[in-house]
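A.B. asks: Here are the chains, one letter per residue:
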Amino acid sequence: EDQVTQSPEALRLQEGESSSLNCSYTVSGLRGLFWYRQDPGKGPEFLFTLYSAGEEKEKERLKATLTKKESFLHITAPKPEDSATYLCAVRGPGNTPLVFGKGTRLSVIA
Amino acid sequence: GAVVSQHPSWVICKSGTSVKIECRSLDFQATTMFWYRQFPKQSLMLMATSNEGSKATYEQGVEKDKFLINHASLTLSTLTVTSAHPEDSSFYICSARVPGLEAGELFFGEGSRLTVL
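Residue numbers (my numbering), protein chains in the order written: chain Y, 1 to 110; chain Z, 1 to 117.
Since the hints were derived computationally from the structure, they do not count as laboratory data.
Just so we're clear, the structure is a prediction, and the values are computed from it rather than from any experiment.
Where is the CB? At the ideal position from N, CA and C, for every residue including glycine.
Take these hints with a grain of salt, some might be off.
[Unchecked claim] Not everything, but these chain Y residues come out facing chain Z in the computed CB check (under 7 Å): (1) Leu30; (2) Arg37; (3) Lys42; (4) Pro44; (5) Phe46; (6) Tyr51; (7) Phe72; (8) Ala84; (9) Thr85; (10) Gly92; (11) Pro93; (12) Gly94; (13) Lys102.
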């Protein structure tokens with residue numbers, strides 16, 4: 001069974017304090033790992049897709065990386081507007097649906 | 001980017017009544033839509049996959065007679081919670097797959113918070 005575990009569950013940072021969020025996964029035949037951002041009371045918003053170990057994607061202060069067992073979402077010099085829950089999801093072979101982790105709730109304090 | 005609109009954003013109903021939630025793709029045709037349920041501090045749990053013109057595919061443990069899904073057009077899918085009870089209170093979110101894009105890059109609606117009294 002495909003599984004996604006995210007850590008930490010919650011993270012509180014000072015503005016400008018860089019950190020990383022972790023997503024560990026087990027899936028038979030990874031077809032993609034996906035990062036989403038979810039604001040309170042809203043639906044998730046797509047951020048990145050990673051396909052193979054060693055791949056990296058960047059967007060503003062966010063950088064996602066992938067190994068064979070986990071992915072990291074690095075946040076460099078975060079701002080309060082980066083506060084949100086960050087969700088990780090994996091897709092296996094065929095038409096299997098995405099499996100989501102529980103997310104990391106990030107709070108960035110000014 | 002693609003836009004998915006969900007309505008209503010929140011609804012309060014009495015126990016035993018039925019509630020319908022709509023999910024629309026505004027600027028693309030969505031042959032496949034997904035319905036999720038999310039409890040506080042929990043992950044998105046897929047309830048069912050909605051395919052235009054055919055019956056929905058429900059995940060294990062989801063009662064298809066309680067959560068009725070209709071995908072009658074390429075831009076609209078509806079979820080009806082029948083005979084709602086307090087335990088059905090949750091945040092329901094739809095998403096759509098854009099044809100031609102990576103299957104895991106979904107566009108989500110704003111979500112609908114259901115409270116059953």
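A.B. asks: Does each hint fit the structure? Answer for all of them.
C.D. replies: Do the hints match the structure? See the list:
Because the beta carbon of leucine 30 of chain Y sits about 11 Å from the nearest beta carbon in chain Z, more than 7 Å, this interface hint is broken. Taking 7 Å as the C-beta contact cut-off toward chain Z, the hint placing arginine 37 of chain Y at the interface is violated, the least distance being around 11 Å. Residue-level restraint check for lysine 42 of chain Y holds (minimum Cβ-Cβ distance to chain Z is 6 Å; threshold 7 Å). Nearest Cβ of chain Z to the Cβ of proline 44 of chain Y: about 5 Å, under the 7 Å cut. The hint holds.
Evaluation of the phenylalanine 46 of chain Y hint against chain Z yields a held restraint, the C-beta minimum of about 5 Å falling below 7 Å. This hint is violated: tyrosine 51 of chain Y has a C-beta 9 Å from the nearest C-beta of chain Z, more than the 7 Å allowed. With a cut of 7 Å, the hint placing phenylalanine 72 of chain Y at the interface with chain Z is violated, because the nearest CB-to-CB distance is about 18 Å. With a least beta-carbon distance of about 13 Å to chain Z, the hint placing alanine 84 of chain Y at the interface is violated under the 7 Å criterion.
Hint status for threonine 85 of chain Y: violated, given a least beta-carbon distance of 9 Å to chain Z, over 7 Å. The closest approach between the C-beta of glycine 92 of chain Y and any C-beta of chain Z is roughly 10 Å, which is over the 7 Å cut-off, so the hint fails. Proximity of proline 93 of chain Y to chain Z is violated relative to the hint, the smallest CB-CB distance being about 11 Å (cut-off 7 Å). For glycine 94 of chain Y, the shortest C-beta to C-beta distance to chain Z is roughly 10 Å, which exceeds 7 Å, and the interface hint is violated.
Look at lysine 102 of chain Y: its Cβ gets to within about 4 Å of chain Z, closer than 7 Å, so that hint holds up.
Hints 1, 2, 6, 7, 8, 9, 10, 11, 12, counting from the list given before, are not met by this structure.
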